[in-house]
Amino acid sequence: MFKPCRRYLAEVNVEELATINMENPLYYYIIDHSRQHVPTAELFREELPKIGRLVSVPFDLEGNALSEDDGELLDQLVESNDVDAIPLRKPKEKFIKNLVGTLKENHARHREYLSEEHHIIRNLVPFIDATMDLPGSRPYRVDWGENTLHACSERRNQNRDPQLRSRLGMKCDCRMVCTTASWKAEIGVGEVSGGLPECGHVKSWRDKVKLALELRDMLIHIHRQAGFEVPVFGWQLQGFQLKVYAMSSFMGLFHLQLVHETDLPSGADDLALVENGIQVFRAYNQKMEEIAKLIRELVKDKCKASRKRKANAVNPNMQSSVSPVPNELTVVSTPLGPKKRHVHEHIDDECDSPSFD
Numbered sequence: 001m002f003k004p005c006r007r008y009l010a011e012v013n014v015e016e017l018a019t020i021n022m023e024n025p026l027y028y029y030i031i032d033h034s035r036q037h038v039p040t041a042e043l044f045r046e047e048l049p050k051i052g053r054l055v056s057v058p059f060d061l062e063g064n065a066l067s068e069d070d071g072e073l074l075d076q077l078v079e080s081n082d083v084d085a086i087p088l089r090k091p092k093e094k095f096i097k098n099l100v101g102t103l104k105e106n107h108a109r110h111r112e113y114l115s116e117e118h119h120i121i122r123n124l125v126p127f128i129d130a131t132m133d134l135p136g137s138r139p140y141r142v143d144w145g146e147n148t149l150h151a152c153s154e155r156r157n158q159n160r161d162p163q164l165r166s167r168l169g170m171k172c173d174c175r176m177v178c179t180t181a182s183w184k185a186e187i188g189v190g191e192v193s194g195g196l197p198e199c200g201h202v203k204s205w206r207d208k209v210k211l212a213l214e215l216r217d218m219l220i221h222i223h224r225q226a227g228f229e230v231p232v233f234g235w236q237l238q239g240f241q242l243k244v245y246a247m248s249s250f251m252g253l254f255h256l257q258l259v260h261e262t263d264l265p266s267g268a269d270d271l272a273l274v275e276n277g278i279q280v281f282r283a284y285n286q287k288m289e290e291i292a293k294l295i296r297e298l299v300k301d302k303c304k305a306s307r308k309r310k311a312n313a314v315n316p317n318m319q320s321s322v323s324p325v326p327n328e329l330t331v332v333s334t335p336l337g338p339k340k341r342h343v344h345e346h347i348d349d350e351c352d353s354p355s356f357d
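Read left to right, the sequence shown gives residues 1 to 357 (UniProt numbering).
Incorrect hints may have been included.
[To be verified] Derived BS3-like pairs: lysine-lysine, alpha-carbon spacing no greater than 30 Å straight-line:
{"hint": "1", "residue 1": "K210", "residue 2": "K3"}
{"hint": "2", "residue 1": "K304", "residue 2": "K92"}
{"hint": "3", "residue 1": "K3", "residue 2": "K50"}
{"hint": "4", "residue 1": "K293", "residue 2": "K184"}
{"hint": "5", "residue 1": "K293", "residue 2": "K171"}
{"hint": "6", "residue 1": "K50", "residue 2": "K184"}
{"hint": "7", "residue 1": "K210", "residue 2": "K184"}
{"hint": "8", "residue 1": "K92", "residue 2": "K104"}
{"hint": "9", "residue 1": "K171", "residue 2": "K203"}
{"hint": "10", "residue 1": "K184", "residue 2": "K300"}
{"hint": "11", "residue 1": "K94", "residue 2": "K293"}
{"hint": "12", "residue 1": "K90", "residue 2": "K293"}
[As the list claims (entries may be wrong)] Simulated DEER-style distance windows between Cβ atoms:
{"hint": "13", "residue 1": "V332", "residue 2": "K171", "range": "16 to 24 Å"}
{"hint": "14", "residue 1": "E46", "residue 2": "D263", "range": "44 to 52 Å"}
{"hint": "15", "residue 1": "Q241", "residue 2": "G52", "range": "17 to 25 Å"}
Quick caveat, the hints were computed from the structure, so don't treat them as lab data. Glycine included, each C-beta is placed from N, C-alpha and C at the ideal position.
Build the full structure now, drawing on both the sequences and the hints.
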């Protein structure tokens with residue numbers, strides 16, 4: 001599959017590619033398995049279904065469904081005009097009650113025209129608070145608000161002279177950071193494509209490609225730091241449509257798969273869709289905890305393997321159980337664009353050393 005990508009990029013006009021490469025996942029050797037990108041679907045018409053089955057990752061929705069008691073409570077909360085009057089039987093049920101109450105209050109406000117920030121606060125944050133960002137000790141934290149991805153910044157500045165050119169990482173709307181690792185392990189990311197009414201197709205596609213690049217950099221960062229490859233997950237919200245994607249590597253390429261798609265409630269008439277949102281974010285939370293646990297365990301194994309290598313240096317007869325590191329993947333950076341970096345005119349070229357007066 002790597003050679004067809006090479007041939008496709010060689011046939012595209014260079015000037016044309018320079019203007020559309022930010023929106024072309026094949027330019028970054030990313031295969032979109034959702035068939036939304038027509039060139040990818042035509043280029044791998046026969047291989048895509050087979051490769052899709054090989055790189056498919058599980059996303060447990062059935063195991064994170066609401067129990068019968070929680071389902072009955074949710075039905076009562078949705079149909080009731082006074083959420084506070086419904087009693088609770090378990091302490092954990094308060095998160096579902098708070099979620100439904102918050103959504104009802106937010107839907108009662110002006111909701112036809114919302115900025116992206118208001119859309120996040122009113123319609124997305126309540127779901128995250130009720131399923132992922134719960135109080136107590138957790139293996140990861142949730143960061144909101146245009147955060148720069150450390151994995152992307154590190155990848156962009158690799159093999160660069162920081163005195164000549166330094167590039168910031170991409171900014172995301174939401175990220176999940178593992179708190180059990182000594183290094184900054186970003187294990188999840190989310191993008192919100194505009195507010196309400198929902199954005200157009202171009203904005204949604206650009207955010208999808210951006211999300212794919214962010215997941216790719218996270219995948220590479222975890223591989224380089226922990227020494228293993230694990231699929232990473234991200235989500236995109238367009239209007240009230242939520243899509244969950246998974247990124248993995250196979251045959252020298254990066255594979256982006258749509259693992260689930262659902263709708264969040266937009267008002268009082270479809271408030272029953274709360275159950276879908278809870279189920280999806282619970283499954284996503286399960287993936288975040290699994291990745292964080294895997295990082296913690298494999299970092300321990302890496303330390304044990306280091307001790308074995310030292311023991312092998314003393315006793316060559318001992319066998320090492322360290323698995324070989326896979327080959328490096330081809331990583332293509334985003335273009336710098338026509339913007340150039342200008343040298344300040346007030347710098348004296350004849351000065352041998354800078355002045356700090």
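For each hint, the structure was consulted:
Taking the CA atoms of K210 and K3, the gap is about 24 Å. The hint holds against a cut of 30 Å. Distance check on the hinted pair: K304 and K92 sit about 39 Å apart at the alpha-carbon level, beyond 30 Å; violated. Note on K3 and K50: the hinted pairing holds, with a Cα-Cα distance of about 17 Å set against a maximum of 30 Å. Straight-line distance between C-alpha atoms of K293 and K184 comes to about 15 Å, which keeps the hinted pair within the 30 Å bound.
For the hint linking K293 to K171, the alpha-carbon distance of about 26 Å falls within 30 Å, and the restraint holds. Proximity of K50 to K184 is assessed by CA-CA distance (about 35 Å); at most 30 Å being required, the pair is judged violated. Between K210 and K184 the CA atoms are separated by roughly 21 Å; this keeps the pair inside 30 Å, and the hint holds. As the CA atoms of K92 and K104 are separated by approximately 20 Å, the hinted pair is consistent with the 30 Å bound.
Between the alpha carbons of K171 and K203 the distance comes to roughly 15 Å, so the proposed pair stays at or under 30 Å and holds. This hinted pair checks out: K184 and K300 have alpha carbons roughly 16 Å apart, not beyond 30 Å. With a C-alpha separation of about 27 Å, the suggested pair K94 and K293 falls inside the 30 Å cut-off, and the hint holds. Restraint check: the Cα-Cα separation between K90 and K293 comes to about 28 Å, which is no more than 30 Å; the hinted pair holds.
Taking the beta carbon of each, V332 and K171 are about 20 Å apart, inside 16 to 24 Å as hinted. Separated by about 33 Å at the C-beta atoms, E46 and D263 break the suggested range of 44 to 52 Å. At about 22 Å, the CB distance of Q241 to G52 agrees with the hint of 17 to 25 Å.
Taken one by one, the earlier hints fail for this structure at numbers 2, 6 and 14, listed in ascending order.
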